[in-house]
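Each residue of the sequence shown is one higher than the one before, counting from 25 in this note's numbering.
These are calculated hints, taken from the structure and not from any lab test. Take these hints with a grain of salt, some might be off.
[Claimed, not checked] Okay, derived cross-link-like pairs now, SDA-like style, lysine to any residue, Cα gap no bigger than 20 angstroms in a straight line:
id : residue 1 : residue 2
1  : 239       : 271
2  : 108       : 174
3  : 68        : 110
4  : 108       : 148
5  : 68        : 142
6  : 239       : 273
7  : 239       : 210
8  : 108       : 137
9  : 239       : 274
10 : 68        : 127
11 : 239       : 211
12 : 108       : 156
13 : 68        : 125
14 : 108       : 146
15 : 108       : 151
16 : 239       : 215
17 : 239       : 275
18 : 239       : 213
19 : 108       : 64
20 : 239       : 250
21 : 239       : 286
22 : 68        : 111
23 : 239       : 136
24 : 108       : 213
25 : 108       : 79
26 : 239       : 251
27 : 239       : 152
28 : 239       : 292
29 : 239       : 195
30 : 239       : 192
31 : 108       : 155
32 : 68        : 96
33 : 108       : 118
34 : 108       : 97
35 : 68        : 83
36 : 108       : 136
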Amino acid sequence: MRFALCNEVLRHLPFAEQAQLSAALGYDGLEVAPFTLDAEAPHKLSAARRAELRRMAGDAGQPITGLHWLLVAPAGLSITEAAKHAGTVAVMRALVDLAVDLGATYLVHGSPAQRHVAEPGDAARAEAALAAVAAHAAQAGVTYVLEPLDPGQTNWASSLAEALAIVARIGSPALRTMLDVCATGNGESEPAETLLRAHIPGGQIAHVHLNDRNKRGPGQGQDQFAPVLRALDETGYSGICGVEPFDYHPDPMACAARAIGYLRGIEEGHAP
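Given only the sequences and the hints, what does the whole structure look like? Please build it.
Dropping the structure here:
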């Protein structure tokens, strides 16, 4: 199993140090939140900076596997609000280009605050935004992933079933969905391993985020991850597992170390 550390866990460090520490801990790569690269306009990073970031990651043996938390910066984005729609789609397209330049192969569309449905037509605009960026992703040769998030975070694509239906309607081979263990625990009626077994064989799930429903890292709460990893293995999952805690307990570096130690322990048969 390949595990990528979501780099915002270590965003207090310079990027080169993030990559070096991630490698030292035993991760296979970094899944990058663009706002950690530039808090104002990450989609406008210069070609030289993109090349530098890719080189630093590669030098540390930590390739940039994908991008996530896409719409945090620039401020004021929304795929549902009419006045912001066109500008947001332009940013999404530019982030696809950023992913390509960084060597990433997928982008995870979570960003719950930027997909809130409040008015008639909002859901249709959200779907149109995904369709537009999926076409661009297909041309660029990367996968754009719609992340289902629980109803406590958003009211659009707030279940795996809803995300699957959206992806099916758009019908682009570059648009897929995924499973986030935290969101699953807080919103789905079936456990993560059951959903993985149901949807990985058909190719609907292209990515996985590993985190406990308490928002801490794997092994720091009630969720059991051995059944999750077993389901991934037995269904032939070949993608990346992004390790994405939100509550860095007791501190960021210890959280990152505890998570990968726990997950590798499961692989070796030493952890539940």
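Against the structure, the hints:
1. 239 - 271: holds, 6 angstroms
2. 108 - 174: Since the Cα atoms of residue 108 and residue 174 sit roughly 24 angstroms apart, the hinted pair is violated (cutoff 20 angstroms).
3. 68 - 110: holds, 17 angstroms
4. 108 - 148: Distance ~14 angstroms between residue 108 and residue 148 Cα, so the pair holds.
5. 68 - 142: violated, 30 angstroms
6. 239 - 273: holds, 10 angstroms
7. 239 - 210: holds, 10 angstroms
8. 108 - 137: holds, 13 angstroms
9. 239 - 274: holds, 13 angstroms
10. 68 - 127: Given that 20 angstroms is the threshold and the Cα spacing comes to 16 angstroms, the pair holds.
11. 239 - 211: Cα-Cα ~13 angstroms, so holds.
12. 108 - 156: Holds. Residue 108 to residue 156 sits at ~15 angstroms (cutoff 20 angstroms).
13. 68 - 125: holds, 12 angstroms
14. 108 - 146: holds, 11 angstroms
15. 108 - 151: The given pair, whose Cα atoms are some 14 angstroms apart, holds under the 20 angstroms limit.
16. 239 - 215: holds, 16 angstroms
17. 239 - 275: holds, 14 angstroms
18. 239 - 213: holds, 18 angstroms
19. 108 - 64: Between residue 108 and residue 64 the Cα gap is close to 17 angstroms, so the pair holds against 20 angstroms.
20. 239 - 250: Given pair residue 239, residue 250 holds - Cα atoms ~18 angstroms apart, limit 20 angstroms.
21. 239 - 286: holds, 16 angstroms
22. 68 - 111: Holds, at about 14 angstroms.
23. 239 - 136: Roughly 15 angstroms separates the two Cα atoms, so the pair holds.
24. 108 - 213: Outside the cut-off at roughly 34 angstroms; violated.
25. 108 - 79: Violated, at about 34 angstroms.
26. 239 - 251: Holds: residue 239 and residue 251 sit about 19 angstroms apart, inside 20 angstroms.
27. 239 - 152: violated, 31 angstroms
28. 239 - 292: violated, 25 angstroms
29. 239 - 195: violated, 32 angstroms
30. 239 - 192: violated, 29 angstroms
31. 108 - 155: Given pair residue 108, residue 155 holds - Cα atoms ~16 angstroms apart, limit 20 angstroms.
32. 68 - 96: holds, 14 angstroms
33. 108 - 118: holds, 16 angstroms
34. 108 - 97: holds, 13 angstroms
35. 68 - 83: Distance ~24 angstroms between residue 68 and residue 83 Cα, so the pair is violated.
36. 108 - 136: holds, 15 angstroms
Violated hints, in rising order: 2, 5, 24, 25, 27, 28, 29, 30, 35; the structure is consistent with all others.
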